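Chains A and B, in that order, are what the protein sequence lines are.
First residue of the first sequence: 1, per the working numbering; consecutive thereafter.
First residue of the second sequence: 116, per the working numbering; consecutive thereafter.
FYI, nobody ran anything at the bench for these hints, they're computed from the structure.
From a predicted model like this one, the values you see are computed outputs, not experimental measurements.
All C-beta atoms, glycine included, are put in the ideal place defined by N, C-alpha and C.
Don't take each hint at face value.
[As the list claims (entries may be wrong)] Here are the in silico distance ranges between beta carbons for each label pair:
#	chain 1	residue 1	chain 2	residue 2	range
1	A	S79	B	T187	28 to 34 Å
2	A	S27	B	Q160	44 to 50 Å
3	A	G84	B	N145	21 to 27 Å
4	A	T80	B	S185	22 to 28 Å
[Unchecked claim] Under the rule of at most 25 Å between Cα atoms (straight-line distance), these lysine-lysine pairs were calculated in the DSS-like manner:
#	chain 1	residue 1	chain 2	residue 2
5	B	K173	A	K57
6	B	K192	A	K57
7	B	K184	A	K1
8	B	K173	B	K137
9	A	K1	B	K192
10	B	K192	B	K137
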Amino acid sequence: KAGVTQTPRYLIKTRGQQVTLSCSPISGHRSVSWYQQTPGQGLQFLFEYFSETQRNKGNFPGRFSGRQFSNSRSEMNVSTLELGDSALYLCASSFRRGPGTDTQYFGPGTRLTVL
Amino acid sequence: AQSVAQPEDQVNVAEGNPLTVKCTYSVSGNPYLFWYVQYPNRGLQFLLKYITGDNLVKGSYGFEAEFNKSQTSFHLKKPSALVSDSALYFCAVRDEKKSSGDKLTFGTGTRLAVRP
């Protein structure tokens, strides 16, 4: 079974631009979450989608947004990029069967560099 | 609010020796606890989890972890370290309350270095 896939793997943008990252979950998984990983802040939760609805949101500005499609694929968008948005963006998926007991499986991440 | 502490930035062990990576947590309800490993330029790989039941949890690649409710700890262990175990290890917690959904709160990570 294929794992979580993320595209693109690497991305270079300049300040003020916007970017869209894509995530395809493991087949059958219905929940997709996004995390930002930086050396200074570590791993921080961005948001979670289940059945095309945002179920949970982390403490990030409104420039960060996301969506989930009917096939469970997800995209996240960052508008008006800032230098501090440079990070590894990780997508994770799970079956979301139980009340928080499911394991999240992570993709390889998208490395975003903002110049 | 839930939180995780990994008190050691780095752990150094010799190959063949036992290893321990420490983790303590704080949640309001019962915890669901996870360990992940990250190799350079890769995502996180799931190692093991504690949901309920036996306090000693066995996972992938010979790793195990012991849940201790009174000490609010979930230390990762392996009886005999391999050089290939050298990586960044993350402990994570999820609150049992359903409103938390799938959100994981991670520790800051511990770098494990196994010398030959």
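Inset, instruction - Below or equal to 25 Å on CA atoms is what counts here, so check K173/B against K57/A. - result: 32 Å, violated
Legend entry - Distance restraint hint 44 to 50 Å, applied to the beta-carbon atoms of S27/A and Q160/B: Since the Cβ atoms of S27/A and Q160/B sit about 19 Å apart, the hinted range of 44 to 50 Å is violated.
Legend entry - Cβ distance range 21 to 27 Å for G84/A and N145/B, holds or violated: 35 Å, violated
Inset, instruction - With a cut-off of 25 Å on the C-alpha distance, tell me whether K192/B and K57/A pass. - result: 33 Å, violated
Inset, instruction - Quickly compare the C-alpha distance for K184/B and K1/A to 25 Å and report which way the hint goes. - result: 36 Å, violated
Legend entry - Hint consistency between K173/B and K137/B [alpha-carbon to alpha-carbon, up to 25 Å]: 16 Å, holds
Legend entry - Range agreement (Cβ of T187/B with Cβ of S79/A, hint 28 to 34 Å): With a Cβ separation near 40 Å, S79/A and T187/B fall outside 28 to 34 Å, so the hint is violated.
Inset, instruction - Would you mind confirming whether the straight-line C-alpha gap from K1/A to K192/B stays at or under 25 Å? - result: Since the Cα atoms of K1/A and K192/B sit roughly 29 Å apart, the hinted pair is violated (cutoff 25 Å).
Legend entry - 22 to 28 Å as the expected CB spacing between S185/B and T80/A, which holds or is violated: Roughly 48 Å apart at Cβ, these two residues miss the hinted range, so it is violated.
Inset, instruction - Would you check the hint for K192/B and K137/B, treating anything up to 25 Å between C-alpha atoms as holding? - result: Roughly 9 Å between the alpha carbons, so the hint for K192/B and K137/B holds.
Figure legend: structure checked against the earlier numbered hints; hints not met, in rising order: 1, 2, 3, 4, 5, 6, 7 and 9.
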